Amino acid sequence: MNRRIAFPFLTLSDAAVEATPWEVSIDGVEWVEAGDFLSNWDSSSDIHVRRRFKVLREIVAADLSLPIEDLNLSLGVRIGTGQGRLPRLVVSRHTRAVDWENPAWQFESVIKGGMLSMVLDLHAQVTLASSPNRPGVLSPTSVGDRLWSDSVRIRLEGEEPRFPIETADLGQILGGGLQGDAPWYLHWSPRDWNRDFHGAVRLYLNRNAIEFLERIENEDPHTLQLVLADIMSQICERFLVDADADIVETEPGSLAAQAATWLRKAWPGKDVAFIRSVLESRPGVFRATFLSLAELGEA
Amino acid sequence: MSLLLPRLPGPACESVIRDFLEHGLERWRGFDPANLPVSVRFAATGGTPVGTSELEELRADLEELARAHGFGVTNDRNSLAAFDAKVAAWLAQAELFSTGEALRDDVWSFVSAVVAPDIVHWRFGAAIERYIGGVRNTFQRLWMRGRALDRGPDHPERWKLLTKLTEDALVQITERPSIGSDPVLARAVGEAWIRASEIHGKSAMESIMRRAILGIRIRNEVRSLADLRPDNLADILNQMFEI
Numbered sequence: 003m004n005r006r007i008a009f010p011f012l013t014l015s016d017a018a019v020e021a022t023p024w025e026v027s028i029d030g031v032e033w034v035e036a037g038d039f040l041s042n043w044d045s046s047s048d049i050h051v052r053r054r055f056k057v058l059r060e061i062v063a064a065d066l067s068l069p070i071e072d073l074n075l076s077l078g079v080r081i082g083t084g085q086g087r088l089p090r091l092v093v094s095r096h097t098r099a100v101d102w103e104n105p106a107w108q109f110e111s112v113i114k115g116g117m118l119s120m121v122l123d124l125h126a127q128v129t130l131a132s133s134p135n136r137p138g139v140l141s142p143t144s145v146g147d148r149l150w151s152d153s154v155r156i157r158l159e160g161e162e163p164r165f166p167i168e169t170a171d172l173g174q175i176l177g178g179g180l181q182g183d184a185p186w187y188l189h190w191s192p193r194d195w196n197r198d199f200h201g202a203v204r205l206y207l208n209r210n211a212i213e214f215l216e217r218i219e220n221e222d223p224h225t226l227q228l229v230l231a232d233i234m235s236q237i238c239e240r241f242l243v244d245a246d247a248d249i250v251e252t253e254p255g256s257l258a259a260q261a262a263t264w265l266r267k268a269w270p271g272k273d274v275a276f277i278r279s280v281l282e283s284r285p286g287v288f289r290a291t292f293l294s295l296a297e298l299g300e301a
Numbered sequence: 006m007s008l009l010l011p012r013l014p015g016p017a018c019e020s021v022i023r024d025f026l027e028h029g030l031e032r033w034r035g036f037d038p039a040n041l042p043v044s045v046r047f048a049a050t051g052g053t054p055v056g057t058s059e060l061e062e063l064r065a066d067l068e069e070l071a072r073a074h075g076f077g078v079t080n081d082r083n084s085l086a087a088f089d090a091k092v093a094a095w096l097a098q099a100e101l102f103s104t105g106e107a108l109r110d111d112v113w114s115f116v117s118a119v120v121a122p123d124i125v126h127w128r129f130g131a132a133i134e135r136y137i138g139g140v141r142n143t144f145q146r147l148w149m150r151g152r153a154l155d156r157g158p159d160h161p162e163r164w165k166l167l168t169k170l171t172e173d174a175l176v177q178i179t180e181r182p183s184i185g186s187d188p189v190l191a192r193a194v195g196e197a198w199i200r201a202s203e204i205h206g207k208s209a210m211e212s213i214m215r216r217a218i219l220g221i222r223i224r225n226e227v228r229s230l231a232d233l234r235p236d237n238l239a240d241i242l243n244q245m246f247e248i
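First to last, the sequence lines map onto chains H and U.
For the first sequence, counting from 1, position 75 maps to 77 in the numbering used here; every step adds exactly one.
For the second sequence, counting from 1, position 196 maps to 201 in the numbering used here; every step adds exactly one.
This is chain H alone, in the form it adopts within the complex:
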């Protein structure tokens, strides 16, 4: 369940829904518990997914402050794909009314490999199926109210880690010049702040910077700190230059949302005007703040 959102009605505790971990299989051959990454997939391989759900009536009634005979719920699964924090395309959705005589649901589906791209997104949810007759003051009342949910994102292609990173010859991809000797290069554009963050940025490590690459591979904390601070600084600095930068109303998962998250972490409780004034009048402090924030585990 998305705990960032203050729901205007009661929702279900995790105890109300017994759900096994998602299991996935390439072409139905060998089932494994879903993790961050599914190896050996390509678009000629179909992906089978399965999971068992059981909704516990008594806990639901207590959680939602609804009479036990007044509970009409739906269980649903939405399958999506495409790079980014949100799926680029919803491939299919499956819904089933919760039958209290048999409140378990063994969900299983096959997704054609040709439909998929880079990521498989599995979103499960329980929603209200009909308006209750005798709701409590804070009970959900509208059909479709989201009562419980969880999501997993499974990467399908090895070249796409959580943060897209690639090793390349910077001299070649940046078309020559001094920049080709830089140890790293963040490829991104501030043209569209609503763009999905993971689709909008890619970190290129210079193939020719051997010592630097070794430090990255060895997860040298100071090297990682410098790279992360650079990423945060350049995105946030440019974000603040935009006159309409807003750190409150941003599209979830977007470049703007990521910039806003970093800025809020760097200056908790401060508004855009304050942070912008730091950037303009004390740029050294601005950068130092991100260097500090970038210490592993903070950002």
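The set of hints was computed from the structure by calculation and includes no laboratory data.
Given the structure is predicted, the values throughout are model-derived calculations rather than measurements.
Be aware that one or more of the hints could be misleading.
Unchecked claim - So, partial list: chain H residues that the calculated Cβ filter (under 8 Å) puts toward chain U:
1) G84
2) G86
3) T97
4) P105
5) G116
6) S119
7) I175
8) G177
9) R193
Stated by the list, open to error - Quick list of the computed label-pair ranges, beta carbon to beta carbon:
10) U/R46 - H/D244: 31 to 39 Å
11) U/H160 - H/A17: 54 to 62 Å
12) U/I199 - H/D246: 38 to 46 Å
13) H/F165 - U/E100: 48 to 56 Å
14) U/I223 - H/D183: 46 to 54 Å
Claimed, not checked - Pairs of lysine to any residue residues, derived as SDA-like cross-links and limited to a Cα-Cα distance of at most 20 Å, are as follows:
15) H/K114 - U/A49
16) H/K114 - U/Q98
17) U/K169 - U/R156
18) U/K91 - U/E69
19) H/K114 - U/A99
20) H/K114 - H/V229
21) H/K272 - H/V243
22) H/K114 - U/F129
23) U/K91 - U/T168
24) H/K114 - U/S7
25) U/K91 - U/E68
26) H/K114 - U/K169
27) H/K114 - H/R157
28) H/K267 - H/E216
29) U/K165 - U/D89
30) U/K169 - U/S103
31) H/K114 - U/S103
32) H/K114 - U/H205
33) U/K165 - U/P235
34) H/K114 - U/P188
35) H/K114 - U/T50
36) H/K114 - U/P235
37) U/K169 - U/H205
38) H/K114 - U/G52
39) H/K114 - U/T53
40) H/K114 - H/H125
Heads up, the beta-carbon is just placed ideally off N, CA and C, and yes, glycines get one too.
Since the structure of chain H is already known, use the hints to place chain U on it.
Relative to the frame of chain H, chain U by itself:
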């Protein structure tokens, strides 16, 4: 077996486009499917790399669609809007773009920067985000619209949403991943926009659409709008669109 499409990574795309824009349209040597830029690559496995004949056909089809709407002759606003609608419908039905390959930015970078930069230039000039893969890419944005707003093959006016909605409305729907990625919700929002425009008038729709999109996004966080019955969803959207 799927057809694998050529991919042009972002920095390489920028380099190709910088070169194209610096030397000018007149010096562009045209699309040669047998001589692709060295940075173009394909998925290692999972299908068959698309052949030169399919790429030639793609170029010919895009050029034919563009010429039918004034490519090389005019770029008045109505012609460009008609081109957008026609190409969006065409791309959404094109076999070549029917797989997950079409969800990749680097595929659309290839189409715009290598196959048809001259058409992109006619449509948008030198704006680099129209060549690079992403929601602003000339062809990717049209493919997204076509896929999101298709009323289905049995509908007598299958592509009407593409011709009726204004550019602002189309952008508001397809550039919001929480709406544009879900064809059920995207189509319902498009239909509600048309109903609202018939009442409020098209000129009033920009601000109404912005308020509606904000309201839909907030409401969708706590209520699964795409899972509602169509009439129930339409009622909610009518409220959002002040009908």
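Quick rundown of the hints versus the structure:
At a threshold of 8 Å, the smallest CB-CB gap from H/G84 to chain U is about 4 Å, leaving the interface hint in force. Taken as an interface hint, H/G86 checks out: its beta carbon lies about 7 Å from the nearest beta carbon of chain U, inside 8 Å. With 8 Å as the threshold, the beta carbon of H/T97 comes within range of chain U, its nearest partner Cβ sitting at about 6 Å, so the hint holds. A distance limit of 8 Å between C-beta atoms decides the matter here; for H/P105 the minimum to chain U is near 19 Å, and the interface restraint is violated.
Taken as an interface hint, H/G116 checks out: its beta carbon lies about 4 Å from the nearest beta carbon of chain U, inside 8 Å. Because the closest C-beta pair between H/S119 and chain U is about 3 Å apart, less than 8 Å, the hint holds. Nearest Cβ of chain U to the Cβ of H/I175: about 4 Å, under the 8 Å cut. The hint holds. Proximity of H/G177 to chain U holds as hinted, the smallest CB-CB distance being about 5 Å (cut-off 8 Å).
Satisfaction of the interface hint for H/R193 is found here, the shortest Cβ-Cβ separation to chain U being roughly 5 Å, below the 8 Å cut-off. A beta carbon spacing of about 34 Å between U/R46 and H/D244 agrees with the range 31 to 39 Å that was offered as a hint. Range check, U/H160 to H/A17: about 45 Å between beta-carbon atoms, so the 54 to 62 Å window is missed. Distance hint for U/I199 and H/D246: a CB-CB separation of about 29 Å, inconsistent with the stated range 38 to 46 Å.
Between H/F165 and U/E100, the C-beta spacing of about 34 Å breaks the proposed range 48 to 56 Å. Against the hinted window of 46 to 54 Å, the Cβ-Cβ separation of U/I223 and H/D183 comes to about 48 Å, which satisfies the hint. At roughly 19 Å between alpha-carbon atoms, H/K114 and U/A49 fall within 20 Å of each other, so this suggested pair holds. About 18 Å separates the Cα atoms of H/K114 and U/Q98, which keeps this hinted pair within 20 Å; it holds.
A hinted pair counts as satisfied when its Cα atoms are at most 20 Å apart, and U/K169 with U/R156 qualifies at roughly 13 Å. A C-alpha spacing of about 11 Å is found between U/K91 and U/E69, which places the hinted pair at or below 20 Å, so the restraint holds. For a cut-off of 20 Å, the pair hint linking H/K114 to U/A99 stands: about 18 Å separates their Cα positions. Using a Cα cut-off of 20 Å, the hinted pair H/K114 and H/V229 is violated, with the two alpha carbons roughly 38 Å apart.
For the proposed pair H/K272 and H/V243, the alpha carbon gap of about 17 Å is at most 20 Å, so the pair holds. Taking the CA atoms of H/K114 and U/F129, the gap is near 36 Å; set against the 20 Å cutoff, the hint is violated. Distance check on the hinted pair: U/K91 and U/T168 sit about 9 Å apart at the alpha-carbon level, within 20 Å; holds. As the CA atoms of H/K114 and U/S7 are separated by approximately 11 Å, the hinted pair is consistent with the 20 Å bound.
A threshold of 20 Å between alpha carbons decides the hint, and for U/K91 with U/E68 the separation of about 12 Å falls inside it, so the pair holds. With a CA separation close to 33 Å, the supplied pair H/K114 and U/K169 exceeds the 20 Å bound. As the CA atoms of H/K114 and H/R157 are separated by approximately 16 Å, the hinted pair is consistent with the 20 Å bound. Taking the CA atoms of H/K267 and H/E216, the gap is near 30 Å; set against the 20 Å cutoff, the hint is violated.
The straight-line distance between the Cα atoms of U/K165 and U/D89 is roughly 13 Å, inside the 20 Å bound, and the hint therefore holds. A C-alpha spacing of about 24 Å is found between U/K169 and U/S103, which places the hinted pair above 20 Å, so the restraint is violated. Proximity of H/K114 to U/S103 is assessed by CA-CA distance (about 12 Å); at most 20 Å being required, the pair is judged to hold. A threshold of 20 Å between alpha carbons decides the hint, and for H/K114 with U/H205 the separation of about 43 Å lies outside it, so the pair is violated.
Restraint check: the Cα-Cα separation between U/K165 and U/P235 comes to about 18 Å, which is no more than 20 Å; the hinted pair holds. Of the pairs offered as hints, the one joining H/K114 and U/P188 holds, with about 18 Å between alpha carbons and a cut-off of 20 Å not exceeded. Restraint check: the Cα-Cα separation between H/K114 and U/T50 comes to about 16 Å, which is no more than 20 Å; the hinted pair holds. Of the supplied pair hints, the one linking H/K114 and U/P235 is violated, its CA atoms being roughly 27 Å apart against a limit of 20 Å.
Using a Cα cut-off of 20 Å, the hinted pair U/K169 and U/H205 holds, with the two alpha carbons roughly 15 Å apart. Restraint check: the Cα-Cα separation between H/K114 and U/G52 comes to about 13 Å, which is no more than 20 Å; the hinted pair holds. With a CA separation close to 17 Å, the supplied pair H/K114 and U/T53 stays within the 20 Å bound. At roughly 17 Å between alpha-carbon atoms, H/K114 and H/H125 fall within 20 Å of each other, so this suggested pair holds.
Of the numbered hints given earlier, the model fails hints 4, 11, 12, 13, 20, 22, 26, 28, 30, 32 and 36; all others are met.
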